[in-house]
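J.: Sequence:
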Amino acid sequence: MTCADFIVSTPDYFRYNPADEFITPEQIEEIAANTKASLSGTGYAVRKPAYLWMTEDALRQDYARYESAEQLDSHMSRLEHRGNMVMGDTRIEALDNSLFDKLQVFDGDISPMLEPDNNAIAIAVSLDDYGNLRNPEYYPKVGDTITVTYADDVKYIDSRTGELTEVTPEEYFQEKLYGARDVEYTVCALVNLPNSMSYRYSGFGYDVVLSVDTAQRDSGGAAIPMLYLFDTADEVDEAEAEQYLSKLTAGEFSPLMYESKATARSEFAQFRQMFLLIGGILCAIIGLVGLLNFFNAMMTGILSRRREFAVLQAVGMTNRQLKTMLIYEGLFYAMSSVAVAFILSLAVGPLAGKMLGSMFWFFEYRFTILPVLLTIPVFLLLGWLIPCMMYDNAAKCSVVEQLRDAQ
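Be aware that the sequence shown starts at 1, since it is given in the UniProt record's numbering, and climbs by one per residue.
It is worth saying that the hints were derived from the structure and are not from the lab. All figures in this text were calculated on a predicted structure; none of them were measured in a lab. Some hints here could point you the wrong way.
As the list claims (entries may be wrong) - Simulated restraints on C-beta separations:
hint	residue 1	residue 2	range
1	F268	Y244	21 to 27 Å
2	G349	V315	21 to 27 Å
3	Q270	R82	47 to 53 Å
4	A262	V183	36 to 42 Å
Ideal Cβ positions, reconstructed from N, Cα and C, are used throughout, including at glycine.
Whole structure, please, built from the sequences with the hints as guidance.
T.: Structure representation (structure tokens):
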């Protein structure tokens, strides 16, 4: 849910709103001066148009999720081509060198990006919840050379006339770049960029990572601070930073917001509480139904055998013997129910746990005998109490009356 103890930016960043400015260098300096960080750094957004040349097949995979085949062909025809390469959108995020430790390297090596005057680039890949690469054929290989086109400005024109009007059909919309320049990079690594320190939204084309010096050099100084994150050395420093940022961002119109591990823990605790609440209510309902069925089965068994009990008493069975027999039967039913529940738990529990584990990456099945043990006293009490109540009620009548009622 988060890759750092604290991440600070503007409300626009946390609400996925594009903006021309996020957190400022002055605000970062103020936060750094009032907190104790063991690791800190800034993530930057490139705020000039940037396009990455990629294969048409790869770009089609992105657009195919939202467009029909006919719309896709029309869209691709309007994009600029160079042989089998097409100019696709890209999101470039630049990082301070200290933040490269936050990247999970899936393939390759990010050390070339830390060298001065480098032309190395990392491709941000999408992994599933279990750390597996979803579609490896979609991404370029480590060592490939890719081209990024930077522009000072971009406008839409009518591909037929060169001027866009209100009546221009969408199929004739075409992007025109001003001040375009190409920069070639070598793919040094495929990395997993944590969502909590990324743009936090996806689009079409590749997401890429550059060092901040490289991004500023090639974009013409268009990399602006997007977020500031830091880790603390211990719980004391973390608590102090939490208190400071809470005061700093207080108020409905505060220019800054923050996320922390404390807020992530709180959100996850609420999520767990939802499972506990729903699961607890479900278990309570099923348990109540089970107890009522148990009560009904024992009561029905005793009522249906009233004539049998009366005959036994008529031929010499004492009240004490009959009551003891009924209690033993109740205890037998109770222990049989517990034994069946235990066997079903052993058989069904691992299957249900495996199913939930495949649905939720954070779920781990652990067998426990505690619920079965907790039901034993309840069922033993019912196995003793129900026969006693039924017998005491029946004992108010004489044997003759019981035989007459049974007939």
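J.: Hint by hint, say whether it matches the structure.
T.: Okay, the hints, checked on the actual structure:
Hint check: F268 to Y244, Cβ distance near 23 Å, so the stated range 21 to 27 Å holds. Look at G349 against V315: about 48 Å separates their beta carbons, and that is not inside 21 to 27 Å. A hinted range of 47 to 53 Å for the beta carbons of Q270 and R82 is consistent with their spacing of about 50 Å. In this structure the hint that A262 and V183 lie 36 to 42 Å apart at CB holds, the actual value being about 41 Å.
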